[in-house]
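Enquirer: Chain residues, written in single-letter form:
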Amino acid sequence: MTINEVQNNIIDEFSLFDDWMDKYNLLIDLGKELPVIDPKYKIKDFLIEGCQSKVWLHPVYDDKLITFTADSDAIITRGIVALLIKVLSNRSPEEIISTDLYFIDKIGLRQNLSPTRSNGLLSMVRQMKLYAMAYNAKNK
Amino acid sequence: MKNIAEIRADFPILSRKVYGKPLVYFDNGATTQKPQCVLDAVDEVYESYNGNIHRGVHFLSDMSSEAYEKAREKVRSFINADKREEIVFTSGTTGSINGIAFSFGERYIKPGDEIILSHLEHHANIVPWQMMCERKGAVLRVIPINDKGEIILDEYYKLLSSKTKLVSVTQASNALGTILPVKEIIAAAHSVNVPVLIDGAQGIQHGIVDVKAMDTDFYVFSGHKIYGPAGIGVLYGKEKWFSELPPFQGGGDMVDKVTFEKTTYNELPFKFEAGTMNYPAAIGLARALDYVLSIGRENIASREKELLSYATGRLSAIKGLKIYGTSDRKISTISFHIKDIHQYDTGMILDKIGIAVRTGTHCAQPVMDRYGIDGTVRASLCFYNTKEEIDTLADGIEKVKSMFA
Chain X
1 MTINEVQNNI IDEFSLFDDW MDKYNLLIDL GKELPVIDPK YKIKDFLIEG
51 CQSKVWLHPV YDDKLITFTA DSDAIITRGI VALLIKVLSN RSPEEIISTD
101 LYFIDKIGLR QNLSPTRSNG LLSMVRQMKL YAMAYNAKNK
Chain W
1001 MKNIAEIRAD FPILSRKVYG KPLVYFDNGA TTQKPQCVLD AVDEVYESYN
1051 GNIHRGVHFL SDMSSEAYEK AREKVRSFIN ADKREEIVFT SGTTGSINGI
1101 AFSFGERYIK PGDEIILSHL EHHANIVPWQ MMCERKGAVL RVIPINDKGE
1151 IILDEYYKLL SSKTKLVSVT QASNALGTIL PVKEIIAAAH SVNVPVLIDG
1201 AQGIQHGIVD VKAMDTDFYV FSGHKIYGPA GIGVLYGKEK WFSELPPFQG
1251 GGDMVDKVTF EKTTYNELPF KFEAGTMNYP AAIGLARALD YVLSIGRENI
1301 ASREKELLSY ATGRLSAIKG LKIYGTSDRK ISTISFHIKD IHQYDTGMIL
1351 DKIGIAVRTG THCAQPVMDR YGIDGTVRAS LCFYNTKEEI DTLADGIEKV
1401 KSMFA
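Residue numbers (this note's numbering), protein chains in the order written: chain X, 1 to 140; chain W, 1001 to 1405.
Everything labelled a hint here was simulated from the structure, so no lab data went into it. Hints are not guaranteed to be accurate.
For the chain W half of the interface with chain X, some residues (derived, Cβ under 8 Å), not all of them [unchecked claim]:
#  : residue
1  : Y1019
2  : P1022
3  : G1251
4  : Y1344
5  : D1345
6  : M1348
7  : I1349
8  : K1352
9  : T1359
10 : C1363
11 : S1402
12 : M1403
No more than 16 Å apart at the CA atoms, straight line, and that leaves these computed lysine to aspartate or glutamate pairs for EDC-like [what the hints assert, rightly or not]:
#  : chain 1 : residue 1 : chain 2 : residue 2
13 : W       : K1352     : X       : D18
14 : W       : K1401     : X       : D29
15 : W       : K1021     : X       : D19
16 : W       : K1021     : W       : E1388
17 : X       : K32       : W       : D1340
18 : W       : K1352     : X       : D22
19 : W       : K1399     : X       : D22
20 : W       : K1148     : W       : D1369
21 : X       : K54       : W       : D1395
22 : W       : K1352     : X       : D19
23 : W       : K1021     : W       : D1369
24 : W       : K1339     : X       : D73
Computed beta-carbon distance windows for the label pairs [said to hold, decoys possible]:
#  : chain 1 : residue 1 : chain 2 : residue 2 : range
25 : X       : N90       : W       : M1131     : 54 to 60 Å
26 : W       : D1340     : X       : S92       : 51 to 57 Å
27 : X       : D45       : W       : T1259     : 55 to 61 Å
28 : W       : K1399     : X       : D38       : 57 to 63 Å
29 : W       : K1021     : X       : E5        : 34 to 40 Å
30 : W       : K1399     : X       : T2        : 37 to 43 Å
31 : W       : D1147     : X       : K140      : 33 to 39 Å
32 : X       : E5        : W       : D1043     : 50 to 56 Å
Note that the structure is predicted; figures quoted are calculated from it, not measured. Ideal Cβ placement from N, Cα and C applies to all residues, glycine included.
Construct all of the structure, not just a fragment, from the sequences and the given hints.
Expert: Structure, rendered in structure tokens:
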């Protein structure tokens, strides 16, 4: 699947629910499905510090694709991380850098979980893109 | 006293809905909502007599200045200060403490001197002193707390020494709700000639504050936490300190005579009010204080006591819920954590049910560190809240538990 196909799937899945409580339940389920990060990466080096919940993000690059694993101490945040990983993990650095993450707006994540809500959504996206840029630069 | 329906009708925002659900506003510790009379007071300034204070000779400037000085007089009588010269308007509690920390540091502090705080302080009563200590080579000493979240007075007495230059403590903890024994703290400090600053940000709205009876040297609070507008605060100081302390900001209005060689300062309290003050907010604050008096401070205190006791009962009955801050003397603030559920998750779900609470460290990280936790959920109630709202919160918490189980 292309990145945009994955984004469209997420948008379809969220559009099944009108009520934000149901959307939260979906996020919670997604959070539970998130592949477990190796505990040795749950250290300060891989911590993205939001104000209220912690997120650890670890990249692995095999010279073609970047694979992300992650975790958070808050479950809703873990659900958001799971969405970002669905879209951006196992992609090439170029893809990650150039992707327009339109699903965030489409499913209402930005209004409902905006940066002022301190979940670090934008910090996570920025960090993933930064890793991609770093690997991309190393390739050249 | 007005009944609860009448009181709630005074606050337009309380009847609004969020996400289609009736608003349950339990974040009064962060800021309180405003009664219509306060909104009107601020509107009136801009609609009918706005002019910069203390400057113009014209009609509007005179009217604004007069209303602003009346607001000062209202604050004076509200906290029972001796003189209007002892009441300085600032931007808020943070502005007041920063001001005093600067001026007091410049005037009195030498390397090795000590300032005593408590472990319960809000960052606003820690960081300004730290900045001053760094500048002056002084040292912060901290009164420890026990497991109930109360300061340990005996440890405080041991900290007081000839090196102590000032004690600055909160009247009530914003994170746990504990009311501090300020009378004892002040008496002990005065017995060794040390002045005291009381941070009233979480105190003034919950009962009667009498700075003379308390005998505090400085008292600070924010307008927006006592039903007034944001952007206005008060710094009370005994005249003997205010006359000795240098200004903390320079600018217009605070001066007597300015030449490029030297400036002499205006008389009290204007020496501490540089530039254009937020006079519409000061006037709004005065109206808020009038409103509080019209409800009655004893009435507010007894109603809040009842709400605290009801909420404590309802919440402690919830399995897995732990309350932090269990002193017998508390303001109507309850900090809690639900077992195995992150406070952020709890807050997000409660929000969608229409309940406004605060989550996180409440700008009091040392308090969280003391308990080895990284945050709590805080419900801070005030007199316009109801038992039904507390029931909604309790049901909401059960809902949260079922979602994250």
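Enquirer: The structure should be examined with respect to each hint, and the outcome stated for every one.
Expert: So, going through the hints one by one against the coordinates:
A hinted interface residue such as Y1019 of chain W counts as satisfied when its beta carbon comes closer than 8 Å to some beta carbon of chain X; here the least separation is about 7 Å, so the hint holds. Taking 8 Å as the C-beta cut-off, the interface hint given for P1022 of chain W is violated, the closest approach to chain X being about 16 Å. Of the supplied interface hints, the one on G1251 of chain W is violated, with its beta-carbon coming no nearer than about 32 Å to a beta-carbon of chain X, more than 8 Å. Hint status for Y1344 of chain W relative to chain X: holds, with the closest Cβ pair at about 4 Å, below 8 Å.
Because the beta carbon of D1345 of chain W sits about 5 Å from the nearest beta carbon in chain X, less than 8 Å, this interface hint is met. Of the supplied interface hints, the one on M1348 of chain W holds, with its beta-carbon coming within about 5 Å of a beta-carbon of chain X, less than 8 Å. A hinted interface residue such as I1349 of chain W counts as satisfied when its beta carbon comes closer than 8 Å to some beta carbon of chain X; here the least separation is about 7 Å, so the hint holds. The closest approach between the C-beta of K1352 of chain W and any C-beta of chain X is roughly 5 Å, which is under the 8 Å cut-off, so the hint is satisfied.
Because the closest C-beta pair between T1359 of chain W and chain X is about 6 Å apart, less than 8 Å, the hint holds. Because the smallest distance between the Cβ of C1363 of chain W and any Cβ of chain X comes to about 11 Å, over 8 Å, the interface hint for this residue is violated. Taken as an interface hint, S1402 of chain W does not check out: its beta carbon lies about 10 Å from the nearest beta carbon of chain X, beyond 8 Å. Interface hint at M1403 of chain W: satisfied, since its Cβ lies 6 Å from the closest Cβ of chain X, which is below the 8 Å cut-off.
Between K1352 of chain W and D18 of chain X the CA atoms are separated by roughly 13 Å; this keeps the pair inside 16 Å, and the hint holds. Between the alpha carbons of K1401 of chain W and D29 of chain X the distance comes to roughly 15 Å, so the proposed pair stays at or under 16 Å and holds. Straight-line distance between C-alpha atoms of K1021 of chain W and D19 of chain X comes to about 12 Å, which keeps the hinted pair within the 16 Å bound. The straight-line distance between the Cα atoms of K1021 of chain W and E1388 of chain W is roughly 14 Å, inside the 16 Å bound, and the hint therefore holds.
Between K32 of chain X and D1340 of chain W, the direct Cα distance comes to roughly 14 Å. Compliance with the 16 Å bound is thereby established for this hinted pair. Annotation: proposed proximity of K1352 of chain W to D22 of chain X holds, straight-line Cα distance about 11 Å (limit 16 Å). Distance restraint check for K1399 of chain W and D22 of chain X: the Cα-Cα separation of roughly 13 Å lies within the 16 Å cut-off, and the hinted pair is therefore satisfied. As the CA atoms of K1148 of chain W and D1369 of chain W are separated by approximately 14 Å, the hinted pair is consistent with the 16 Å bound.
Between the alpha carbons of K54 of chain X and D1395 of chain W the distance comes to roughly 27 Å, so the proposed pair goes past 16 Å and is violated. Distance restraint check for K1352 of chain W and D19 of chain X: the Cα-Cα separation of roughly 10 Å lies within the 16 Å cut-off, and the hinted pair is therefore satisfied. Proposed proximity of K1021 of chain W and D1369 of chain W is contradicted: the alpha carbons are some 35 Å apart, above 16 Å. Taking the CA atoms of K1339 of chain W and D73 of chain X, the gap is near 13 Å; set against the 16 Å cutoff, the hint holds.
A hinted range of 54 to 60 Å for the beta carbons of N90 of chain X and M1131 of chain W is inconsistent with their spacing of about 48 Å. A beta carbon spacing of about 39 Å between D1340 of chain W and S92 of chain X contradicts the range 51 to 57 Å that was offered as a hint. The beta-carbon spacing between D45 of chain X and T1259 of chain W, approximately 58 Å, falls within the hinted interval of 55 to 61 Å. For K1399 of chain W and D38 of chain X, the hinted distance range of 57 to 63 Å is not satisfied, since their beta carbons lie about 34 Å from each other.
Roughly 36 Å separates the CB atoms of K1021 of chain W and E5 of chain X, a value that falls within the hinted 34 to 40 Å. Taking the beta carbon of each, K1399 of chain W and T2 of chain X are about 38 Å apart, inside 37 to 43 Å as hinted. For D1147 of chain W and K140 of chain X, the hinted distance range of 33 to 39 Å is not satisfied, since their beta carbons lie about 58 Å from each other. At roughly 54 Å, the beta-carbon separation of E5 of chain X and D1043 of chain W lies within the given 50 to 56 Å, and the hint holds.
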